[in-house]
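S.K.: Assembly of the complex is requested from the two constituent chains, each provided in isolation within its own frame, with the hints serving as guidance.
As they're listed, the protein sequences go chains A and B.
Using this note's numbering, the letters of the first sequence map in sequence onto residues 1 to 127.
Using this note's numbering, the letters of the second sequence map in sequence onto residues 1 to 143.
For the record, the hints were derived by calculation from the structure and aren't laboratory data.
Every clue listed holds true.
With a straight-line Cα cutoff of 30 Å, these simulated DSSO-like cross-link-like pairs (lysine-lysine) come out:
no., chain 1, residue 1, chain 2, residue 2
1, B, Lys99, A, Lys25
2, A, Lys93, B, Lys31
3, A, Lys107, A, Lys92
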Amino acid sequence: AEMAARPSEPRLVSLPLSRIRVIMKSSPEVSSINQDALFLTAKATELFVQYLASYSYKHGRGKEKNALTYTDLSHTAEECETFQFLADILPKKILASKYLKMLEKEKRDGEVGDDNDEDEEEEDEDK
Amino acid sequence: MAERPEDLNLPNAVITRIIKEALPDGVNISKEARSAISRAASVFVLYATSCANNFAMKGKRKTLNAGDVLSAMEEMEFQRFMVPLKESLEVYRREQKGKKEARKDKDKKADSEEQEKSREEDNEDEDERLEEEEQNEEEELDN
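Next up, chain B with everything else stripped away, as it sits in the complex (with noise of 0.2 Å):
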C-alpha cells in the first residue's frame, strides 16, 4: 500500500497539545518548532521499529510484541521511557480486557433475550419447586 507523504504525519493538533503538557505555561512554540518536533516524531517511530524489528527478528519471530518494542528503548538509550511505559501498558491491558468482556457479556444478552421467552416458563416451575424445597427444610428443623 502506498502512503501519501501526509500519513506519515502525525496530527498537528495532538503534537502542540503533548509539547504544551511537557513546558511551562504561557511558552511559545513557532510554527517551525512544531513542525520539526512533529518530523522528528515520525523519524523516532521509524527508528523504534527498525530496532524492535531487529529483536523480533533475533526471536525469530515476525510479529513485533511489547517486549520488542522495550527492549528498543532501552537499545536506543531512552530507558526513563521503561517505567512509565510498564505502567501504561498495564493500564491499557486492563482496559482492553474489560471491553473484551463487555462485548462477551453483550453477545451473552442478545442470546438470552431470544430465550427470554422459554426462562420464564422455566422460572415459574423453579420458584414452585424451591417453595417445595424450604417448606421442606422448616419441616426437618422443627423435627
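Next comes chain A alone, as it looks inside the complex (with noise of 0.2 Å):
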C-alpha cells in the first residue's frame, strides 16, 4: 500500500504570505511591501517563534513537568530585555483570591486612622 506524498524537504517557509502581508497592511503608514521584505518578515517571525518558545522552555519552570506553560511565556517577557515589547500581552496571572486580598489592603491602607482589622480577618481554608 502506498502512503499519500508528504513533503518531507524542509519548506522555505511555512506561514502564509497573504497573512503576513495583511497583518502588516493594518499598520496605517505603510505604503507598498516589495517582495523580497514580504518573504523576510514572514521568515523573521518563524525565527522569532521558535527562539520565543526555546528561550522560554529553557529559563522557564514548565519543563519540570515536560511542558511549556504560558507562566514560561510570561516570565520571558518580564525578564529578558529583547521580549519586553511582548510584557503587556503576556501579562503575568494572579490568583483571584490574590488579587481581591490586594484589593483589600489597598482599601485598608487607604484608611487613616483605622484600627487594625486584621484579627477579625480569617482565611477561609474551605472554600
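M.R.: Next up, the structure:
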C-alpha cells in the first residue's frame, strides 16, 4: 500500500505570506511592501516564534513537567530585555483570591486612623 | 480595507508546528501557551513593520524593501536572525528567478506551437542546406 506523498523537505517558509501581508498592511503608515521584504518578515516571524518558545522553555519551570506553559512565556517577557515589547500582551497571572486580598489591603491602607482589623479576618481555607 | 480580527492572527496549525520544531520531542504545549505565542508573533510582525517603515521613510522611499526589514531586525536586537535571514533570502530569490524563467519558457512554447507548421517547412529546407554544406567541406578537405 502506498502512502500519500508528504513533503519531507523543509519548506523555505511555512507561514502564509498573504496573511503576513494583511497584518503588515494594517499599519496605517505603510504604503507598499516589496516581495522580498514580505518574505523576510514571514521568515523572521518564524525565527522569532522558535526563539521565544525555546528561550521560555529553557529558562522556565514548565520543563519540570515536560511542558511549555503560559507562565514560562510571561516570565520571559518580564525578565528578558529583547522580549520586553511583549510584556503588555503576556501579563503575569495572579490567583483571583490573591488579587482580592490585594484590593482589600489597598483599601485598608487608604483608610487613615482605623484600627487594625486583621485579627478579625480569617482565611477561609474551606473555599 | 477593514480586517476582521481573525485575519490578524496566524494559522494555529502552522504556529504549533514551528513551536514543536524548536522544542525537544514530546514536550507539551498548553493551548494557552500556543495562543500566547501566536499573539506574540502578530505583535512581532507589527513591531517589525513599523521599525522597517522608519528605515524606508529615512531613505525617502514608500516601498518597504529587504534592507529595511534587515535593519529593523538589528534595531530590535535580533542580530541572531541576520545570517539565517540572508541565506534564506538568497534561496528565495533564486526560486523566484527560476519561476519567472519557467513562465517565460512556457510563453515561448505556447508561441512556438502556433508557428510549428511553418517551422517544419523551414526545417526541411535547413536540412537540405546543411547536407550541402557538409558535402562541400568534405570536398575541400580532400583537396
